[in-house]
Every structure is written in C-alpha cells, then in structure tokens.
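S.K.: If you read the protein sequences in the order shown, they are chains W and D. Quick note on this note's numbering: the first sequence kicks off at 1 and runs consecutively. Quick note on this note's numbering: the second sequence kicks off at 1 and runs consecutively.
Some hints here could point you the wrong way.
Chain W stretches covered by chain D per the calculated footprint, using a threshold of three residues with CB under 8 Å from any CB of chain D [what the hints assert, rightly or not]: (1) 457-468; (2) 471-477.
The following label-pair restraints were derived from C-beta to C-beta distances [as the list claims (entries may be wrong)]: (3) 365/D - 473/W: 49 to 57 Å; (4) 482/W - 8/D: 46 to 54 Å; (5) 24/D - 59/W: 55 to 63 Å.
Computed list of chain W residues with no C-beta within reach of chain D, every gap over 12 Å [stated by the list, open to error]: (6) 346; (7) 380; (8) 384; (9) 437; (10) 505.
Calculated from the structure, these hints are not laboratory results. C-beta: ideal position from N, C-alpha, C; glycine also.
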Amino acid sequence: MSDAPTVQTAASSAAEARAADAAHTGPMLAADGTPLKKSLNRALRLQKVRALALIGPLLIFVLVTFIAPIADMLFRSVENEIVSNTLPRTTDMLAEWDAKGTEFPQEPIFEALYDDMFFAKEAKLHTRLGSRLNYELTGVSSLFRKTGRKVDDMGEVYQDQFEDLDDFWKTGENWNSLMASDGWLVAMDGWKKSDGKQPPFELREGIAEMLPATTETYVRFADFIQNQDEDNLYKKDPWAIVYSSLHADLTGQNSVASYTGPAAAELKAAAAAAPAFETVNFSEAFRDIDKDWHALDVWQTIKVYSPKYTSGYFLNAVDMQKSVDGPELRPENERIYGILFWRTIVMSVVITGSCILLGYPVAWILANLPVRQANLLLILVLLPFWTSLLVRTSAWKVMLQQEGVINDTLVWLGLVATDDRLALINNQTGTIIAMTHILLPFMILPLYSVMQTIQPSYLRAAKSLGATNWTAFWRVYFPQSIPGIGAGSILVFILAIGYYITPAIVGGTSGTFISNRIAYHISSSLNWGLGAALGAILLAAVLLLYYAYDKIVGIDNVKLG
Amino acid sequence: MANTKSSDAFVEFERVQKSYDGENLVVKDLNLSLPKGEFLTMLGPSGSGKTTCLMMLAGFETATYGDIRLDGVSINNIPPHKRGIGMVFQNYALFPHMTVAENLSFPLEVRKMGKSKREEKIMRTLDMVQMRDFAGRRPAQLSGGQQQRIALARALVFEPELVLMDEPLGALDKQLRETLQFEITKLAHDLGITVVYVTHDQTEALTMSDRVAVFDDGRIQQLAPPDKLYEEPENSFVAQFIGENNTLEGTVQDIRNGIAIVKLDSGELIDAKPVNVSKAGERTRVSIRPERVEYNRERLQEDAFTLKAEVLEFIYMGDIFRTRLRVAGRDDFVIKTRNAPDQDRLTPGTQIEIGWLPEDCRALDA
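Only chain W is shown next, with the shape it has when bound in the complex (with noise of 0.2 Å):
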C-alpha cells in the first residue's frame, strides 16, 4: 500500500488546480500568461495574412469589373447634377418661382438663363442638358439647340452700341488694360505660344467694386478662353455677353466718376452714354427665338430637375412622373415598364418551369446511367454550351418561323392546314422555347449532381416496404431532389430574368424582356438614367426573391455539386 499517498497528492493537486480555474473568473489565459484570445490571434494572423493574399487578386478585379461599375449604374439612376450645372443661376432663380401658379417666370429669370445660355453654348453643354430634358418633355433638345444657336444675338444688340460709341471697345487688348492687373499685363506682352501654359488672368485691382456684374463675365470669359480653348486671352476680343454686363453695370448704382486707372476716359464717356442706349428685354427676346419659351410646362420641367438628385428616372420606371404636384401616374397609353416587369417575372417563371419537367427526367437517366454512358449523355447536354448563343437562337428562328422546320413538318404531317401555320416566332411562344433550350443545362447540371448522391437503396428500401414505384419515387426520391430543383431553378430563373440577345431575336414585340427595354436606353435612346433605374428596379425584384426563397424553402436546401 506504498502507492496510496502518492495517489492522494496526484489528486488533490488535480483538484486544486480545478479550484484555481473554477476561481479564476477573467478571461481565459495561454501558458505565458498572455489573455488565450490575444495569443489565439497572433497565431491566426499570419493564416488570415496568407488567405488574404490568396483571394487578393480575384477581390480586387471583382471590386474594379465588377461592384464599381454596378455602383456607377445605380447611383446614376438618382443622379441629374446635369440641370444645375449648366444653368446655376436659373436654376437658383426658379426656387423661388411658383411653379404651381399660372404665371411665366420674370425678366429676371430670363436674364439669369442669357447668361447660363450664353456659356452653356460657347461650352456647347446646352444640347446636352437639352437631350437630358427631352427624356422629361418631348421638344426641349430642339428648343435648347435653337436657342443656342440664336443667343449670341441678344447681346449685340449692346455690343454694337459700344463699338459705334468708341472704337475702343471693339479689341480685346483695350479690354484687358481696363480689367487685368498691370502685373499680368506685362507677363503677357513677353509670352508667347511656345512658352506653354499662359500666365493665370489677375483682375485690376478695383475694378470689381466698380464693375461688379462685368468683372464676374469677365473672369469666366477670361477663364474660358485660357483653360477650355486654351486661346490667347490678350488678343481676343470678348463676348456679346461681357457688353451686356458693361451696360448693367453702367446704368446701375456705382459710379465710375472718381475712376483715375487706365482707359478711365473711355469708361467715363460710355457711362455718359449707357442710359440712352437700346435696351434689351430678355424674356421678349427668348420668346421670339421660340414661342415655348413662355410655355409653363418647359419652365415646369426645368424647375422640378433643379435638384441634384431625382427620383424622376425611379418614378419613369414604374410607369409614373415627376409634376409640379409630386409624382403622379402616367396616362394609360404611355405606361410600358409594368407591364414588361410582369411579362418578364411571369415568362421567367414559365421558363424555369419547362426547364424542371424537362430536365428532371434527363438528369434522372443521367444518375441512374453507368457512367461511362452517363459521361456520353453529358457532353450532349453540355454540348449547347460549346455553341454561340447567336447561333443557337438564330437556329431556332430557322426551326420555328411560318416557313420554319417545325411548320414545315406539321403542315407535311397534315396537323396543320398550310394557310394556318403556327405563329411560333416573334413572339412570347418563341422566347419561351428558345430560352427552354438554352437554359436546360443549368437546371439538369445542378439536378444530375443532387441526384448522384441519392443511393439507389432509398428505392429500393421504400419498394421492399411496400412503396409502389410511383410512391418510392414521390415519397422518398423526390424529396430528396428538390435541393437540386431548388438550386436549378434560383439559377434558370435569375438568369432568365435578365436575359436580353435570346428575347431580342426572337420575342418580337410581345415576347421581350425588360431587359431589352434596358439595352435599348443603354446603347439608343442613351438615357442611362432610366436605363439604371430599371436595372436597379430588376437588381431588387431579384433580390426579394433570393430571399422569399430563402424564407419558404431555405437557402440552405440548395446544392450545387
């Protein structure tokens, strides 16, 4: 009995160091006596480092390719700083306009727009924002393309009163000795073209509190010609538009008269003169250049695409516009977008659902093959995939139109009267069968691999225990297949749902997707806002079915290999 005391101290040591750790309440530590979740790190960093490094090149071409041009998509479906970029000061104006009231905007609006014209169209920015327009009212890019044609007119009317009162006014060297700094002035006069870049335009000292609506022309003119046409500034003479300020700010409250700088006798006698000139009224002006520029709905639209962000191209895209008075429905006759959401959502559902009855039995015949006949099967079933897709589709618009394959046959067989052949094409019937065919593989491949999987002895058991075939199958072989319908069809339908060459070939009219409604505003009619939307729109729908999948079957139940 030698060996009992040394038992007796193996456990009570064992049981003291249970005592130490039951009292030990803080976090759990390693051997060194660092906390165990801090060691456990650094030993996993180098790990997470590695894996990083792995996934690195995929996580970064994904994020480049992919996510940020998806980004770029949607957040153009909101964007429209296009409005009050190219005409800020209308745009500014018109918040305080109403727009409810039956009222054209005031003389100074149509002031604010000359002069967001006038730059817009030396910057040739007007038909842009005209095209942009035009998705919202139909006429406006004609409009803003005439208009700018004719806008450098309204200013002459003061340019030519200048010119005639001094030939001073006309050259732009006069110009510059009024407005720019005597410093750049002489930086100037040494530079030429060769030297590259010119010497930023200085403002005279002064003269902006003396000319202060001319001075801001002015800067932007200067501003223009030295970085967008990147011309000589010294020599060029200025635009209509800086005449007019000239004449503003002459008739306005400063007074030039204890002005002592250059040309100080010029400026002097053209403020004498300046309240006798022919004046201008804008807003007539416009008019006269188009009457619908005192049209309430052109004035309307502009104001209700001041803003920054719109949910104008969301609203086109569920069939509704943006007005005045918040949005509203479109009139019937012009609503297409809910009805090509439904045709697509209900013509996905019909695909996925042909590709279930047909591929189910394939992919049964292919699990239940030896595999060297299995693997033959296989590349037949694969073997669409080796094919283009416009060669695949273009061969069904062979085998089905009135003159096609299929009616040929029918007609042969006395099925169908010849002057009664089948309308299989250009229409909902051809998209369906054409994108049967084209996405069967992704519902047998999905199916074979869940079904490979499923031991012949569930059959067999459930017969042995009295199950007829049909009850073995439905009972015990079926359910055990549904992940790989499930996957199958979460694959067939997602694509299906964006799908656009196939419909586009053969749907005609009614058998077209929104997807093709999409294209058609990405690459024709380039309103890519609308065209983001309705991405967007598709993007979420898809979305919400992923999860009432997930909801109703379990996202868990689905098997891809």
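Model the placement of chain D on the given structure of chain W, informed by the hints.
M.R.: Same frame as chain W, but now just chain D:
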C-alpha cells in the same frame, strides 16, 4: 444438401440460375429450401453470388432460370412491393428527410393503416429495439448502431414473415456488432420470423444462424448447422473458409477400417478420416483444426502417427496461445492451446512431436 421439396418449406429456390451478361453465370443451379422460423445465413467471399440470391428473393433481380417460391407460391413475377418481405440494407437506407417515426410509419402508410394503429405499432417496434426516445430524430442525428436498430425496426414494423438482411452490421465496430448480433438473433427467435442473412463474416454466421449456406463460385458448397460446418467441412473450400485450418497435401496410400493412410509430399505418413477420397492413389488435402493438434505424447493413442515439428513462434493471445510450427516442410502450421495453469509455453527453436485423433484430421478433395 436440402434440395428436396419438403412440405414445410417456406422459402424455396429451385434450380435457380442468374446471369448478368449472358456469358457467365453468377448463380449456378441453386437449390435451397428453408422452413418457417429458420435463421439462415448465406456466407461467402465477395462475388460468390450470395447477395445476388438475396436480391432475387427480394425481387430487385430476376432469376434467369428457375423458380423461387415463397410459402408455396412462385414469386418470380411478383414485384418487390407486393412480396411483403422486410429488408435491412448494409448502408441502412433510412430516408434522410424523414424522422425515425416517419421512417417506421412509411411501410404502414403505404398499407393504408389508420393513424392510431400506426402509432401504436411504431412505438411497440421502437420498444423492441430500445429506441423509443429517438422517435423524433432524423437519421443523421443517430450513431451507426442506432441507425441500424431503426433500419431493423423499419423492416419489422409491418410484421413480415420473412426478413432479409444484407450485411447489416458490416459498417459497425466489433463491440457494437457483437451486441447487435445477439439482439437480432433474439428478436428473430422471439418473433418467430424467418431470416435470410447475408454476410462475409464467418463469426457472425456461426454465432447467429440455425444453418449456414457457404457460397463460392455461384454454388452452395455446404449447407449445415454451424457446428457441423466447422467440425465436419465437406470440402477444402469450406474447411479453409470457416475458421482457422491447417492443410497438408499428399496422396492416399491406403484406406482401411474407415481410416485413410496419407503419404504427405514430404514423405511422412499420417492417418486421416476419408471424406472426399475413396481409393488409394488419389491426391488429397488433409485438414486439421489448430485446436485439435496435440503435442503431449501421453494424450495421444499408442499407435497414432506423429510428425516432427519445430516451434517457430509463440504468440500470447490472452485466452489462448497460438504457436506457429514448421511441419512437413511447411512453416505455416498453427496450433492453439488454451491458457490453462498447467499449459506449457513452447519456446521457439524447440523440437516437438505432434499428433491428432484420426477423426479430427479430414482427408478432403485436392
């Protein structure tokens, strides 16, 4: 061989043949008959045709020729689901999408049994395999042994008179296998059901069965109760396949008074019981069980032949000692002795003399 049609035969195979490819017979002229309540094991190496026989009985394979009868009725053309035969599969084949109770309920539902009666039967059957508490679990939540109990329960719940088992314990560890062997045998006897059990594990076959059919090459080599099979193998395949066995080859020199004198290839003479030999000059293999070999001269008969042997290896195995010897030019001759207090432990290198009773040494086919 029990190939006569007895009136109490419950399952009968008559001249059954099976070929998959039209060239080779997997099952050759099988005749087998078993009475109600018998536990019969089909034992054999893989590819011997035993599983094919079971599948033909269950209805998953059709016989190429011959007749299979169940309770006197030919079942060749009856589909599996109408045969009313319970079956336990090697991989259990429990339906993974159903709970234990639903698995057991399945055969009752397809028989259109009422709900209350179903539940009563399910619970009673689960009690039989001591799995009542697991009714709500899914098969994936059970251990291998538990799954096999459920598979057994499912095969029994609709009260079939015949239950087929296809290597049901093959995937389990040794201890669990032994427990379940005992439970299955007990259940089968208690319920009075007829069982056809397929295995390649001879221990399983010997411990569980009323009779064992040893399969090889598409034929039944011997059909006999376990003890007879072990002690009186009818040919050298059975002798080799069942239990451990020592084989010596030689030629029959004489047969006298029911004892054959065999001249071994190494020149020594031994006596043996003639089983598959009838006259002098025939080649033969003699078979001696390791535990029937005696090396204590005093326990042998006076006139017994003895052979010289050299101890090569002594292995201590707990309950027995296993000693490997060089005998008649072969060094794979094994003897087994019980671990008794008075037993010698032979040391390698020792020269001994071994012998046996003539009836323990069987002269079989070459």
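S.K.: Run every hint past the structure and note whether it holds.
M.R.: How the hints compare with the structure:
1. For the region 457-468 of chain W, the stated coverage by chain D is satisfied: 11 residues place a CB nearer than 8 Å to a CB of that chain, which reaches the threshold of 3.
2. Requiring three or more residues with a Cβ within less than 8 Å of a Cβ of chain D, the coverage given for the region 471-477 of chain W holds, as 4 such residues are present.
3. In this structure the supplied range 49 to 57 Å holds for residue 365/D paired with residue 473/W, their Cβ-Cβ distance being about 50 Å.
4. The given range of 46 to 54 Å is respected by residue 482/W and residue 8/D, whose C-beta atoms sit roughly 48 Å from each other.
5. Checking the proposed 55 to 63 Å range against residue 24/D and residue 59/W shows it holds: the Cβ atoms sit about 58 Å from each other.
6. With a least CB separation of 31 Å from chain D, residue 346/W remains clear of the 12 Å interface cut-off, as annotated.
7. Listed as a non-interface residue, residue 380/W keeps its Cβ farther than 12 Å from every Cβ of chain D; the least gap is roughly 26 Å.
8. No beta-carbon of chain D comes within 12 Å of the beta-carbon of residue 384/W; the shortest separation is about 33 Å.
9. Listed as outside the interface, residue 437/W is consistent with that label: its C-beta sits roughly 32 Å from the nearest C-beta of chain D, beyond the 12 Å cut-off.
10. Annotated as non-interface, residue 505/W keeps its C-beta farther than 12 Å from every C-beta of chain D; the closest such distance is 42 Å.
Hint compliance for this structure: every hint is met.
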